[in-house]
Amino acid sequence: MVELSPEERAIAAGTQGEGAAMAMRIVAESARLMGAPKLIPVASAHIDGALYHGDSGTLFAEKLVEGGAKVAVRATLNVGALAPAGCAAIRLAAHERDMAARMMRAYEAMGCEPSWTCAPYQAGHRPKLGSDVAWGESNAVVFCNSVLGARTNRYGDFLDIACAIAGRAPDYGLHQPENRLATLVIDVRGLSQALRASDVFYPVLGTILGRTAGSAVAVIDGLQGCTTEDRLKALGAAAASAGGVGLFHIAGVTPEAPDLATALGRQPPRERIVLTAPEVQAALARLSTAGPTERVDAVAIGSPHLSLAEIDEVERLLAGRSLKTPLYANTGRHVLRPLEAGGRRKALEEAGVIFVADTCVVVTPILPEIAGAVLMTNSGKFAHYAPGNTGYAVTYGSLAECVESAVAGHLVREPRAWA
Amino acid sequence: MGLIADILIPGKDAAGPCLALTAPISFWGGVDPRTGDIIDARHPERGRNIAGTVLALPGTIGSSSASAVLLELVHAGKAPVAILMDAPDAILLLGLVVAREMGWPTPPALRLPAAQQQALSGRRVLVSSQGAITTEAE
Numbered sequence: 001m002v003e004l005s006p007e008e009r010a011i012a013a014g015t016q017g018e019g020a021a022m023a024m025r026i027v028a029e030s031a032r033l034m035g036a037p038k039l040i041p042v043a044s045a046h047i048d049g050a051l052y053h054g055d056s057g058t059l060f061a062e063k064l065v066e067g068g069a070k071v072a073v074r075a076t077l078n079v080g081a082l083a084p085a086g087c088a089a090i091r092l093a094a095h096e097r098d099m100a101a102r103m104m105r106a107y108e109a110m111g112c113e114p115s116w117t118c119a120p121y122q123a124g125h126r127p128k129l130g131s132d133v134a135w136g137e138s139n140a141v142v143f144c145n146s147v148l149g150a151r152t153n154r155y156g157d158f159l160d161i162a163c164a165i166a167g168r169a170p171d172y173g174l175h176q177p178e179n180r181l182a183t184l185v186i187d188v189r190g191l192s193q194a195l196r197a198s199d200v201f202y203p204v205l206g207t208i209l210g211r212t213a214g215s216a217v218a219v220i221d222g223l224q225g226c227t228t229e230d231r232l233k234a235l236g237a238a239a240a241s242a243g244g245v246g247l248f249h250i251a252g253v254t255p256e257a258p259d260l261a262t263a264l265g266r267q268p269p270r271e272r273i274v275l276t277a278p279e280v281q282a283a284l285a286r287l288s289t290a291g292p293t294e295r296v297d298a299v300a301i302g303s304p305h306l307s308l309a310e311i312d313e314v315e316r317l318l319a320g321r322s323l324k325t326p327l328y329a330n331t332g333r334h335v336l337r338p339l340e341a342g343g344r345r346k347a348l349e350e351a352g353v354i355f356v357a358d359t360c361v362v363v364t365p366i367l368p369e370i371a372g373a374v375l376m377t378n379s380g381k382f383a384h385y386a387p388g389n390t391g392y393a394v395t396y397g398s399l400a401e402c403v404e405s406a407v408a409g410h411l412v413r414e415p416r417a418w419a
Numbered sequence: 001m002g003l004i005a006d007i008l009i010p011g012k013d014a015a016g017p018c019l020a021l022t023a024p025i026s027f028w029g030g031v032d033p034r035t036g037d038i039i040d041a042r043h044p045e046r047g048r049n050i051a052g053t054v055l056a057l058p059g060t061i062g063s064s065s066a067s068a069v070l071l072e073l074v075h076a077g078k079a080p081v082a083i084l085m086d087a088p089d090a091i092l093l094l095g096l097v098v099a100r101e102m103g104w105p106t107p108p109a110l111r112l113p114a115a116q117q118q119a120l121s122g123r124r125v126l127v128s129s130q131g132a133i134t135t136e137a138e
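Protein chains in written order, with UniProt numbering: chain A, 1 to 419; chain B, 1 to 138.
Incorrect hints may have been included.
[As the list claims (entries may be wrong)] For lysine to any residue, the following SDA-like pairs were computed, each having C-alpha atoms within a straight-line distance of at most 20 Å: (1) A:K63 with B:P88; (2) A:K128 with A:E113; (3) B:K12 with B:Q118; (4) A:K346 with A:R295; (5) A:K63 with A:E96; (6) A:K63 with B:G103; (7) A:K346 with A:H334; (8) B:K78 with B:D37; (9) B:K78 with B:R48; (10) A:K324 with A:S398; (11) A:K324 with A:Q281; (12) B:K78 with A:D55; (13) A:K324 with A:E340; (14) A:K63 with B:P105; (15) A:K63 with B:D37; (16) A:K128 with A:E96; (17) B:K78 with A:E113; (18) B:K78 with B:M102; (19) A:K346 with A:R321; (20) A:K63 with B:K12; (21) A:K38 with A:E8; (22) A:K63 with B:R100; (23) A:K38 with B:P88; (24) A:K38 with A:G130; (25) B:K78 with A:E229; (26) A:K38 with A:K63; (27) A:K63 with A:R102; (28) B:K12 with B:M102; (29) B:K78 with A:P6; (30) A:K70 with B:M102; (31) B:K12 with B:A115; (32) A:K63 with B:R48; (33) A:K63 with B:I7; (34) A:K128 with A:E229; (35) A:K70 with A:K128.
Treat the hints as calculated values from the structure; they're not laboratory data.
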């Protein structure tokens, strides 16, 4: 049974207004349903609830605004269904467009930052190691827990904003240190150094992690010196779309895993998996659904949203050439701003790049409707969601293969040993 | 038959035909929020409609948007009249918590082990505000 402090009970009864009361009651009811004994303060929030799924979510946000609710802690916003910062055209009907816009305005009215990105951790929102936060959006949750070492559960629609307004979250799950220890070891030391140090490996490894770990905490052994922040971002996003992963460790890399024994809490693991080349090749094959075809109707990169470093790499690979197939570059305002300042955005657009800012191609209708269309991507998360959400079949490849295919207008593969 | 179940989310007396699912379901991607139709292509009860039923869930597959789908069903008048769950799914039930905060008619949710759910399947079931579950005499 959850026990509220006198202050929390007073807020729930309306001493700070009806919006604050509603938020506190929602957090307290969630704590009761989850079996949390109490609420704990949170340092920040990342809100996934401003993506339009239907009118009820808009009415909920507007009721909070009418009740005078304001966020009590820093709260960044995940993607919406519209793109106020421009770029690609969105094919939403008038009613849905209006309700989605009202929803986005309501969240901004509560004091949420108009970051509109699924990579808030690359837009200046990086909670401290060991701090408790309330984050939504599965890739942001897993990055926050794993790479930053801040503590959050997967806070879904309604609860994310309620926690931000209350400044509190239920005390359970990954907020508690004992639940952050790994119980599963994934040993990748048998794979080649070249593979382990390539971008294209990480969404594949993430898919394996998601399928094998489920919601358990795994520690990966054998990636010391191989990772970059963008690789960890890709790994976590793929893991969180293929399974319920909220936290992983990488021995010698992530902050709660200075070594294998520490990540395991000095206990023997419940399970140890040694990854082999055939397993990696099987996971790689599952990321593509298009089968053996050279057809590519569109290329999409940036799930999670592209960093400036990833755009640098796109420019380098393009090397001044133009695209035959459109390449949708999904990113946030935090990246578009510096690109615009240098005239780089214009140059990329002239080459055929279509920027999608504030949203992305799998959460709102942007890709043209084409029968039998194939989407090429380097994102494990796009590979997972694109077939269901866009109707496009998927071909997975590296960023270089994505750019070369967009230049050629058909699939271009580069030689690579998946071992 | 008569049973007393733990109340997860309280509500008024409710009655309806029991739809007892035979496999776990994810509300997000599994139930159409506008109609209440089960749309998960791999679900054994695909094509059935949950609106107005006493819906028995042997399990749920977590999605952080399950609560949004359930709230949308309540708002559209397409929600079950009561939900019976083997294990409480806090994310799904949050949809009912928010519906209550919105002042919308909120179906009750009760805990009923999966093993006891199938016996109710297809029968007209009464769920009392006190947690009693009874079937009407045939």
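Quick rundown of the hints versus the structure:
no., hint, result
1, A:K63 with B:P88, "27 Å, violated"
2, A:K128 with A:E113, "19 Å, holds"
3, B:K12 with B:Q118, "23 Å, violated"
4, A:K346 with A:R295, "28 Å, violated"
5, A:K63 with A:E96, "19 Å, holds"
6, A:K63 with B:G103, "11 Å, holds"
7, A:K346 with A:H334, "16 Å, holds"
8, B:K78 with B:D37, "9 Å, holds"
9, B:K78 with B:R48, "13 Å, holds"
10, A:K324 with A:S398, "18 Å, holds"
11, A:K324 with A:Q281, "30 Å, violated"
12, B:K78 with A:D55, "14 Å, holds"
13, A:K324 with A:E340, "23 Å, violated"
14, A:K63 with B:P105, "16 Å, holds"
15, A:K63 with B:D37, "28 Å, violated"
16, A:K128 with A:E96, "38 Å, violated"
17, B:K78 with A:E113, "34 Å, violated"
18, B:K78 with B:M102, "16 Å, holds"
19, A:K346 with A:R321, "14 Å, holds"
20, A:K63 with B:K12, "24 Å, violated"
21, A:K38 with A:E8, "10 Å, holds"
22, A:K63 with B:R100, "13 Å, holds"
23, A:K38 with B:P88, "18 Å, holds"
24, A:K38 with A:G130, "19 Å, holds"
25, B:K78 with A:E229, "44 Å, violated"
26, A:K38 with A:K63, "26 Å, violated"
27, A:K63 with A:R102, "12 Å, holds"
28, B:K12 with B:M102, "16 Å, holds"
29, B:K78 with A:P6, "38 Å, violated"
30, A:K70 with B:M102, "18 Å, holds"
31, B:K12 with B:A115, "25 Å, violated"
32, A:K63 with B:R48, "33 Å, violated"
33, A:K63 with B:I7, "27 Å, violated"
34, A:K128 with A:E229, "16 Å, holds"
35, A:K70 with A:K128, "23 Å, violated"
Going down the numbered hints, you'll see the structure goes against 1, 3, 4, 11, 13, 15, 16, 17, 20, 25, 26, 29, 31, 32, 33, 35, while the others check out.
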